[in-house]
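Below are the chains, spelled out letter by letter.
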Amino acid sequence: GENVEQHPSTLSVQEGDSAVIKCTYSDSASNYFPWYKQELGKGPQLIIDIRSNVGEKKDQRIAVTLNKTAKHFSLHITETQPEDSAVYFCAASKEAGTALIFGKGTTLSVSS
Amino acid sequence: SAVISQKPSRDICQRGTSLTIQCQVDSQVTMMFWYRQQPGQSLTLIATANQGSEATYESGFVIDKFPISRPNLTFSTLTVSNMSPEDSSIYLCSAMPGRTEAFFGQGTRLTVV
Chain A
98 GENVEQHPST
108 LSVQEGDSAV
118 IKCTYSDSAS
128 NYFPWYKQEL
138 GKGPQLIIDI
148 RSNVGEKKDQ
158 RIAVTLNKTA
168 KHFSLHITET
178 QPEDSAVYFC
188 AASKEAGTAL
198 IFGKGTTLSV
208 SS
Chain B
327 SAVISQKPSR
337 DICQRGTSLT
347 IQCQVDSQVT
357 MMFWYRQQPG
367 QSLTLIATAN
377 QGSEATYESG
387 FVIDKFPISR
397 PNLTFSTLTV
407 SNMSPEDSSI
417 YLCSAMPGRT
427 EAFFGQGTRL
437 TVV
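In the order they appear, the protein sequences are chains A and B.
Each residue of the first sequence is one higher than the one before, counting from 98 in my numbering.
Each residue of the second sequence is one higher than the one before, counting from 327 in my numbering.
Treat the hints as calculated values from the structure; they're not laboratory data.
Worth double-checking, as some hints may not be accurate.
Said to hold, decoys possible - Cut-off 30 Å, straight-line C-alpha distance, at most; resulting in silico cross-link-like pairs (DSSO-like, lysine-lysine):
#1 A/119 to A/134
#2 A/154 to B/391
#3 A/134 to B/333
#4 A/139 to B/333
#5 A/201 to B/333
#6 A/119 to A/155
#7 A/191 to A/139
#8 A/139 to B/391
#9 B/391 to B/333
#10 A/201 to B/391
To be verified - Here are some of the chain A residues that sit facing chain B, going by a computed Cβ distance under 7 Å:
#11 139
#12 140
#13 141
#14 145
#15 194
#16 196
#17 197
#18 199
#19 201
#20 202
Ideal placement from N, C-alpha and C gives every residue a C-beta, glycine not left out.
Here chain B stands alone, though its shape is the one from the complex (with noise of 0.2 Å):
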């Protein structure tokens, strides 16, 4: 298994302001991804991201709105730019040591006033 720490856990923040979003996984992996789950839904996929390349992302979703990084093998970050009420969701990132299960950190509850 692989424990994946996510910072902050939860946070309010004003409209047209960014919040960055911290992973750490305690073992090196390949790639990482982050997840957006909106109250009471689904996990959508919003990018994969590669550590020395650019993150792919997801249709519906784009660099400018959500900037990874993706500096080494354990850790990513992920930014959720010039805020709106309709980005207050859970953001999940998740990894696969071994390149089998994949694992979850705790979600980052957002809320956008």
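The shape of chain A in the complex, shown without the other chains (with noise of 0.2 Å):
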């Protein structure tokens, strides 16, 4: 079955610096990637996400790009504020509309 790793584990940066996380994924056929924030006490939330099809997506300051060949993905964040400090989750998925996979999460820690 699929199996996604994620690094780093913990980030530390200071505020208005750049974040980058990375994960690579092992089955050829998953072709949905989204990226989850998880602050304290509260569910995921999805931030952004990437579909096979295409190799970068950006939304204000957050990107994610894509790799298909090497099977990673990436997750930027650019001009980091103390409140992006949270774990943040990549997942795949063989098709919209199914499970799952989650990597093990990066705890980004933002000071001001």
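Mind docking these for me? Both chains are given alone in their own frames, and the hints should help you get the complex.
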């Protein structure tokens, strides 16, 4: 089955810096890759996603890139703010509407 | 987007007892999913629940321990049976309205003593 690896497990940056989180997946049939942000005591919130027919997607300060050949995708957050501090999870699935397989998560800390 | 409500938000239970978690979606969805998130860990899929059929369980999870109901297109329940301290986790339900993005409830934080 699918296996998703996520790095780093923790990431500390200064406010205004960029943060990059990387994930690799094992199943070449996977074609949907969302990213979630989870704050303490809350459920995961979808922040951005990408499908396999697209190489990059941007939404304001957040971008995701996908390299299908290498089977890896990355989350980029620019101009980080303290409110970006949370746990971020990448995930993969074979098609929209099917269950997601999650990476182990990255704890991002943004200090002011 | 979708609003997914879970009840209870947290509970402390005695070992050997059972707890039923409810999940309500504000729109009709074909599939709902139940995940477990152990403290400080990632999300692990327990089962997929389709309306009108038996839930499909992932390896390591069995129906006797985690029975699931799916009586209609907006509601599902997960029961954690014969609980032990190892069942202490956050349990999350998820749904995909429109079969695109997956949305999550706020989770049920279960502590077994």
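Now for the hints, and whether the structure bears them out:
A threshold of 30 Å between alpha carbons decides the hint, and for residue 119 of chain A with residue 134 of chain A the separation of about 14 Å falls inside it, so the pair holds. Note on residue 154 of chain A and residue 391 of chain B: the hinted pairing is violated, with a Cα-Cα distance of about 41 Å set against a maximum of 30 Å. Only pairs whose Cα atoms come within 30 Å are accepted, and residue 134 of chain A paired with residue 333 of chain B is accepted, the gap being roughly 22 Å. The hinted pair formed by residue 139 of chain A and residue 333 of chain B meets the criterion: a straight-line CA distance of about 13 Å does not exceed 30 Å.
Between the alpha carbons of residue 201 of chain A and residue 333 of chain B the distance comes to roughly 26 Å, so the proposed pair stays at or under 30 Å and holds. For the proposed pair residue 119 of chain A and residue 155 of chain A, the alpha carbon gap of about 16 Å is at most 30 Å, so the pair holds. Straight-line distance between C-alpha atoms of residue 191 of chain A and residue 139 of chain A comes to about 26 Å, which keeps the hinted pair within the 30 Å bound. Restraint check: the Cα-Cα separation between residue 139 of chain A and residue 391 of chain B comes to about 25 Å, which is no more than 30 Å; the hinted pair holds.
A distance of roughly 19 Å separates the Cα atoms of residue 391 of chain B and residue 333 of chain B; the hinted pair therefore holds under the 30 Å criterion. For the proposed pair residue 201 of chain A and residue 391 of chain B, the alpha carbon gap of about 25 Å is at most 30 Å, so the pair holds. For residue 139 of chain A, the interface hint holds, the least distance from its beta-carbon to any beta-carbon of chain B being 6 Å, beneath 7 Å. A cut of 7 Å between beta carbons decides the hint on residue 140 of chain A: the least distance to chain B is about 4 Å, and the hint holds.
At its closest, the beta carbon of residue 141 of chain A sits 5 Å from a beta carbon of chain B; the interface hint therefore holds under the 7 Å criterion. The interface hint given for residue 145 of chain A is violated, since its Cβ lies 10 Å from the closest Cβ of chain B, which is over the 7 Å cut-off. The interface hint given for residue 194 of chain A is met, as the beta carbon of that residue sits about 4 Å from the closest beta carbon of chain B, less than 7 Å. The interface hint given for residue 196 of chain A holds, since its Cβ lies 5 Å from the closest Cβ of chain B, which is under the 7 Å cut-off.
Against a cut-off of 7 Å between C-beta atoms, the interface hint on residue 197 of chain A holds, since the closest Cβ of chain B lies about 6 Å away. Given the 7 Å rule on beta carbons, the hint for residue 199 of chain A holds: about 5 Å separates it from the nearest Cβ of chain B. A least Cβ separation of about 5 Å between residue 201 of chain A and chain B falls short of the 7 Å threshold, and the interface hint therefore holds. The interface hint given for residue 202 of chain A holds, since its Cβ lies 5 Å from the closest Cβ of chain B, which is under the 7 Å cut-off.
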